[in-house]
Amino acid sequence: MSSHQISVTINGEQHTREVEARLLLVHFIREELGLTGTHIGCDTTSCGACTVLLNGVPAKSCTVFAVAADGAEVTTVEGLGNGGLHPVQRGFTEKHGLQCGFCTPGMMLTSKALLDENPDPSEADIRWGISGNLCRCTGYVNIVKAVQRASELMKENSDG
Amino acid sequence: MAECRGLGHSVQRKEDARFIRGQGRYIDDIKLPGMLYLDIARSPYAHAKITRIHEDTAMAVDGVAAVITGKTLEGFKLAWMPTLMSDQQMVLPVDTVKYQAQEVAAIVATSRYAAADGAAALEVDYDPLPVVVDPHEALKPGATKVRDDKDSNHIFHWEHGDADGTEAALAGCDTVVEQKMHLPRIHVASIETCGCVASWNPVEGHLTLYLTTQAPHAIRTVVALVTAHLGLAEHKIRVISPDIGGGFGGKVPVYPGYVLATAASVVTGKPVKWIEDRSENLSADSFARDYHITATLGSKNGKVTALKLDTVADHGYSDAAANPSKFPAGLYHIATGSYDLENAHVSVDGVYTNKPPGGIAYRCSFRVTEAVHAIERMVDLLARENGEDPADFRLRNFIKPEQFPYQSALGWEYDSGNYGAALEKAMDMIGYQDLRAEQAEKRARGQLMGIGISSFTEIVGAGPSKTFDILGIKMFDSAEIRIHPTGKAIARFGTKSQGQGHETTYAQIIAEELGIPPEDIQVEEGDTDTAPYGLGTYASRSTPTAGAAASIASRKIREKARKIAAHLLEADEADLVWEQGKFHVKGSPDRAKTIQDIAFAAYTNHPQGMEAGLEAISYYDPPNLTFPFGSYICCVDIDRGTGQVKIRRFVAVDDCGVRINPMIVDGQIHGGLTMGIAPALLEEISYDADGNITGGNLMEYLVPTAMETPHWELGETVTPSPHHPIGAKGVGESATVGAPPAVVNAVVDALWHLGVRHMEIPMTPARVWNVLNEHGAAATR
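These protein sequence lines are chains A and G, in that order. Position one of the first sequence corresponds to residue 49 (the working numbering), numbered consecutively onward. Position one of the second sequence corresponds to residue 4 (the working numbering), numbered consecutively onward.
These are calculated hints, taken from the structure and not from any lab test. A portion of the hints provided could be inaccurate.
Estimated spans, in silico, between C-beta atoms of each pair [as the list claims (entries may be wrong)]:
1. G:583 - A:65: 52 to 62 Å
2. G:725 - A:121: 54 to 64 Å
3. G:150 - A:61: 49 to 59 Å
Positions of the beta carbon are idealized from the N, C-alpha and C atoms, including for glycine.
Could you build all of it, start to finish, from the sequences and the hints given here?
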């Protein structure tokens, strides 16, 4: 099995490692770097539990090779708040947008990317935006409200 | 004093702080020094003789440390393990596989990837055998026999109620409807799959088992019982259930992978991790339903009179259903539902087929969903046959509020209810009469719109120990509360949250009872070394049992606190009045001691002769089950071109008794509704004639996304349980139970004028389009 040296910036910190060519990004993040907030729910890009931001864009890290992230900037849930809490994190807890918490990191990163692109999304925009992330507990209604709340908080922040 | 925010407050969840930061600790986050990884080689056949396992092919892979086969386990008398239903299932086959994806061998290796390589490399020789996948075929003479150790494929016959009386009553009815219906096999598909980390310490003879389990204490006992002959003992087994990424009943049973990881740890002397991947999860465990029901319901002069259900239950190759021991068909005999029915009889015949074991609950209290589906479909049909609107028919036939406690024809004593109020509220919320008018207009224009009702009654909170046990262990549950000198508390429970928010709601119950704010109460569950024994979280039993135990333990503490307060206030105990959070002397509200003052005194200044400390434990054995109920109304539009069913509106009025945290209750209902419409519209695990699973991944097994899920509209009524200490009933599963027939009734309602009388589930676009086409109503362009 060939191995390659890669250098990935995760949550602002650069990590250089020698990895197997077939190592999945999600395993690189979880096993090599010990950032276990990124979860694995399937292996077919279906559930979105492993969603991270790859150069700002949501990517399902269970079907991205770590070598494909060489030179990239990755944001995981651990880097979302940047020391405090991101408005998306506040929205999710205030609106009870999570229950078991397993889909939550991926769902929040998808939501952040959605809001970065569209700061004032409609309910339909939000539902479409999170439709690649499965949640089995919440029934999505409170996740929609959480994203709407995050949108409000982000506007308050930028106004203030 | 700050408000203590007990019952009725939407307190923000304590558990969220770690979850939103990615600091939850789930099974795959546990990493122990020197840990090995286990992967499982699985059968490509649904039924086959294993002629040879070439262990060397896996051992040749770099990093593979051991290969475990059925023959290895046979040497330890571990190739088979008992199920909860007095049957047995294989951990690994010694010679024959009985379903596709069955575990054939375990490969232990130094990394996750090496273990997977080993499983892929393992060569196994099979001789395929004939397969039986249809339970009706399996019951025929000469059918392929699934189990070599049994006489036939017929597992059990169970019946309940008055067969003769029901036949006689049906014969005397003026209107009788009969309908066959299949509730297909479905899968909970919690976003976290199952897994474990087993860590055996040979020096101390101690096993630590981190496990995705909803019932850690019961699992510890089971492990102790099945491994006693190997020298393991219960006091040296510690089961830790970490944060659980969704359970829904799928994490109640013991699965072969857990036993394999344990065996592998014993064999290698190292910690061993096993984590299922999604396709393994969807093809090998956590299956529910698969009831083939023939239902008959009759009325006389418009009054529902008699119900008969005959059922063929497909259990797969082993009866590993997760039911209380005395209930092979769970609580299916709640089937008379919300109606005042004098005669009823239900029967179930369990059957073996070449499928993995089924019979876990899928977010329901032991077959209540099957029962509710049957009665709510049949009441709808009978209403129509009587020429009456299904809402009016229900309102007339409901058990009336004054009839509670109500003795059902099948032997249950319903604790409390007001069914008419819930349905009328749902009708008001959705604007029932206006929708009917809109439907008539649309129908005239050729558009398909339907309105469906489900007025369910659940039975949850198992259970009174006189009838409910699991392997003989009575189904009580527990709470242990310790108040520390500074007035802060720790409370531990025998249950295990999988997202229900126990850390918050249990704290609120204690807050209500003792006046200690929820943030001052640390709630812990899931570690058998520290938590009191309990039977776990499933069947909506946490609030009815452990929640009640929290109340009772709190009240024990309050009694001791009264004695300490009397000592501190130099007053007679009888003269003390409790108001939330403090005792004061009757007539002198200023002469008071708070619970915090009393807690401090319990360690620093307690009365002579009294033991120090302020703590209590309760093992709560409920006097009865609780009976949550509700009425749901679903409005659908059907696309004649594609057969797509769109839920336009869905109103859910739930009555779960007293609500502890309304925000969490609503969240439970939202999630339950989503898992209710899922089997109605999307989800099915099916097999081809050779026993190949046709939906073993999330691209074919369709879990609802935010796109299919409607905006839920919730309402409530509150009818307290008269026997629960705080009047609560449990709510986690009501919506999963109540929602499916509302959707089916809506679709049938939309198609009734075409002559459609029934729809099987899931009502996929293809199935609906075919029905439209058969009735000449499909748009072709």
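*Against the structure shown, which of the earlier numbered hints fail to hold, in ascending order?*
none
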